[in-house]
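Spelled out from the first residue to the last, the chains are:
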Amino acid sequence: MVTSPPKIEVRDLRLAYGHKEVLHGVSFAVPSHEIFGIIGPAQSAKTSLLRCLNRTIEFTPHIHVSGSIRVDGQDVRRVPDVYELRRKIGMVAPLPVGLPLSIYDNVAFAPRCAGLTNRQELEARVEKCLRQAALWDEVKDRLDTLGTKLSGGQQQRLTIARALSHEPEILCLDEFSIAIDPVTTMRIEDVLKELRREITIILVTNLTQQARRLADRTMFLWNGEVVELDRTEVMFSDSPKDRRTYDYVQGNFG
Amino acid sequence: MQPFQETPFSRRKRRNERLAQVVLGGMALAMVIPLLLIVGYLMFKGAPLISLSFLLSNPTHGMREGGLWSALLGTIYLVVMALLVAAPIGVLCAVYLNEYARDNWLTRLIHLAVINLAGVPSIVHALFGLGAFVLFAGLGRSILAASLTLAIMTLPVIIASTKEALASVPMSFREACWNVGASRWQTIWKVVLPNSISGILTGVILQVSRTAGETAPIMFTGAVFFKKIEAGNPFAYALTDQCMALSMHLYTVTTQVTNAPEALPYAIALVLVGAVLAVNATAIWLRSRLRSRKKW
Ligand SMILES: Nc1ncnc2c1ncn2[C@@H]1O[C@H](COP(=O)(O)OP(=O)(O)O)[C@@H](O)[C@H]1O
Ligand SMILES: [Mg+2]
Numbered sequence: 001m002v003t004s005p006p007k008i009e010v011r012d013l014r015l016a017y018g019h020k021e022v023l024h025g026v027s028f029a030v031p032s033h034e035i036f037g038i039i040g041p042a043q044s045a046k047t048s049l050l051r052c053l054n055r056t057i058e059f060t061p062h063i064h065v066s067g068s069i070r071v072d073g074q075d076v077r078r079v080p081d082v083y084e085l086r087r088k089i090g091m092v093a094p095l096p097v098g099l100p101l102s103i104y105d106n107v108a109f110a111p112r113c114a115g116l117t118n119r120q121e122l123e124a125r126v127e128k129c130l131r132q133a134a135l136w137d138e139v140k141d142r143l144d145t146l147g148t149k150l151s152g153g154q155q156q157r158l159t160i161a162r163a164l165s166h167e168p169e170i171l172c173l174d175e176f177s178i179a180i181d182p183v184t185t186m187r188i189e190d191v192l193k194e195l196r197r198e199i200t201i202i203l204v205t206n207l208t209q210q211a212r213r214l215a216d217r218t219m220f221l222w223n224g225e226v227v228e229l230d231r232t233e234v235m236f237s238d239s240p241k242d243r244r245t246y247d248y249v250q251g252n253f254g
Numbered sequence: 001m002q003p004f005q006e007t008p009f010s011r012r013k014r015r016n017e018r019l020a021q022v023v024l025g026g027m028a029l030a031m032v033i034p035l036l037l038i039v040g041y042l043m044f045k046g047a048p049l050i051s052l053s054f055l056l057s058n059p060t061h062g063m064r065e066g067g068l069w070s071a072l073l074g075t076i077y078l079v080v081m082a083l084l085v086a087a088p089i090g091v092l093c094a095v096y097l098n099e100y101a102r103d104n105w106l107t108r109l110i111h112l113a114v115i116n117l118a119g120v121p122s123i124v125h126a127l128f129g130l131g132a133f134v135l136f137a138g139l140g141r142s143i144l145a146a147s148l149t150l151a152i153m154t155l156p157v158i159i160a161s162t163k164e165a166l167a168s169v170p171m172s173f174r175e176a177c178w179n180v181g182a183s184r185w186q187t188i189w190k191v192v193l194p195n196s197i198s199g200i201l202t203g204v205i206l207q208v209s210r211t212a213g214e215t216a217p218i219m220f221t222g223a224v225f226f227k228k229i230e231a232g233n234p235f236a237y238a239l240t241d242q243c244m245a246l247s248m249h250l251y252t253v254t255t256q257v258t259n260a261p262e263a264l265p266y267a268i269a270l271v272l273v274g275a276v277l278a279v280n281a282t283a284i285w286l287r288s289r290l291r292s293r294k295k296w
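Protein sequence lines, in the order shown, are assigned to chains A and B. Going by this note's numbering, the first sequence wraps up at 254, each residue one higher than the last. Going by this note's numbering, the second sequence wraps up at 296, each residue one higher than the last.
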């Protein structure tokens, strides 16, 4: 772990929307094949942090970013092709977004945008991703129906399949279980445990217990600052370094 | 004691609910009445004159007899030309403003200009068209100058309606596309436009009726009271010609021609309204076709 560079390295990241700074100098590093949990109350800039990683933050007007983010040792602001950076990072939003396309096209969308046109390759990719997202068996007979017609839980797995469709090396999940039932949540958690063998996962979650179940290390982000970052057992033990961590994970936080 | 009891409050609530339904529904119905009255009255007065030969022959005897071919064809030329110019420019403009433009003073200025242009009276557009196209650009009074004037007039409205259609596509769709490495253009082409096309088309087609009905902008720039062309020939006008138009013809026959048959103005109006309604009906049909493929 010491020898290879971390998959993601964030140093002193600051982000402001207009004059309002929401990330106040955040630093952390994530090694390959880790599940990295990020916990913290609403408004602590977790989503904003993820949007900095794949540079979709640039679609928001009037933002100021400073500090550095490195993916595989390369500064994301200097990558020659920002679309390639975004394909390297799969992103799953809190609310499932089935694009108004067929199930097949939902998953084939990203490879097509990247220039893949070969039918067999596309079909193979779609099947692989739907299988990885544990959705294949439920939809394999109706790939041409609209993605938006699926149930919420299925749409969230479709979203995950889409996030995997560009074969990312990093998968970011932003409170993915906020709109789905516990059974589906558990299924997706199993999926994540499978995926970690191949990719690095950043798991932003509002359910502290989910981080506890899945994450190797967990970061407590609060109001745009890192309160504590440690192995998950330590964070959830009776004696984390910071009193606020203890209060938050025990659920008695203001 | 019964589990569900009527109280004075619940009774009042129920009564108000029914009242609201009746009043609102009544208003909606009342909306339809003027339309029915207008069309019905026009039919009653004008229908006897309508026939295929009325549509396909030219006015004769100082416009007291014959048909309205030259005016009908002129209106078609003007509307088609105006929309051929205004629709692509307007839609592309709106796509830029809604999907690309950053929120800065220049963009806000453009928005302001669009909104205000939409509110400029048509007679002012007429003067602008006279100055810009007829005189300055040297197009003379012609179909070209008149349809460009109409295009300028409809442009801001098309921009506004297209922007509205684009804005109705949820932001989350765009974000989902960007997240998987789609460029702005790929997102627009594959997701945003397919899902707003019915609204965009509706906005454009609604401008057909507006353009067809206008008199002021074309009066100064290319429409004439009378012009002799070959009856029944759809290519009888050249773009550099002046032309007749239904709206103007109606005005002429009503106010300038003595002893015109009483039914004539109504027949002209009926053709104008009929043509516009036919276009709108097509639009509604098209819209429902596209809608049924709509996806969320
Ligand atoms: N597009 C935006 N424009 C302005 N402020 C924003 C925007 N997105 C988020 N914020 C602000 O940034 C702060 C952090 O938000 P967010 O990153 O969504 O936090 P979290 O995901 O932890 O709930 C909030 O105070 C929010 O109001
Ligand atoms: Mg969030």
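Derived from the structure by calculation, the hints contain no laboratory data. Misleading hints may appear alongside valid ones.
Each computed DSBU-like pair below joins lysine-lysine, with the alpha-carbon atoms no more than 30 Å apart [to be verified]: (1) Lys128/A - Lys228/B; (2) Lys140/A - Lys13/B; (3) Lys88/A - Lys190/B.
Beyond 10 Å from chain B on every Cβ pair, some chain A residues (computed) [as the list claims (entries may be wrong)]: (4) Pro41; (5) Leu122; (6) Lys193; (7) Asn206.
Glycine residues also receive a C-beta, built at the ideal position from the N, C-alpha and C atoms.
Right, here's what the structure says about each hint:
Of the pairs offered as hints, the one joining Lys128/A and Lys228/B is violated, with about 70 Å between alpha carbons and a cut-off of 30 Å exceeded. Between Lys140/A and Lys13/B the CA atoms are separated by roughly 50 Å; this puts the pair beyond 30 Å, and the hint is violated. A C-alpha spacing of about 21 Å is found between Lys88/A and Lys190/B, which places the hinted pair at or below 30 Å, so the restraint holds. With a cut of 10 Å on Cβ distances, Pro41/A stays outside the contact zone with chain B, its closest approach being about 23 Å.
Listed as outside the interface, Leu122/A is consistent with that label: its C-beta sits roughly 14 Å from the nearest C-beta of chain B, beyond the 10 Å cut-off. Residue placement check: Lys193/A keeps its beta carbon more than 10 Å from all beta carbons of chain B (closest about 23 Å). The claim that Asn206/A is not at the interface with chain B holds, since no C-beta of that chain comes within 10 Å of its own (minimum 19 Å).
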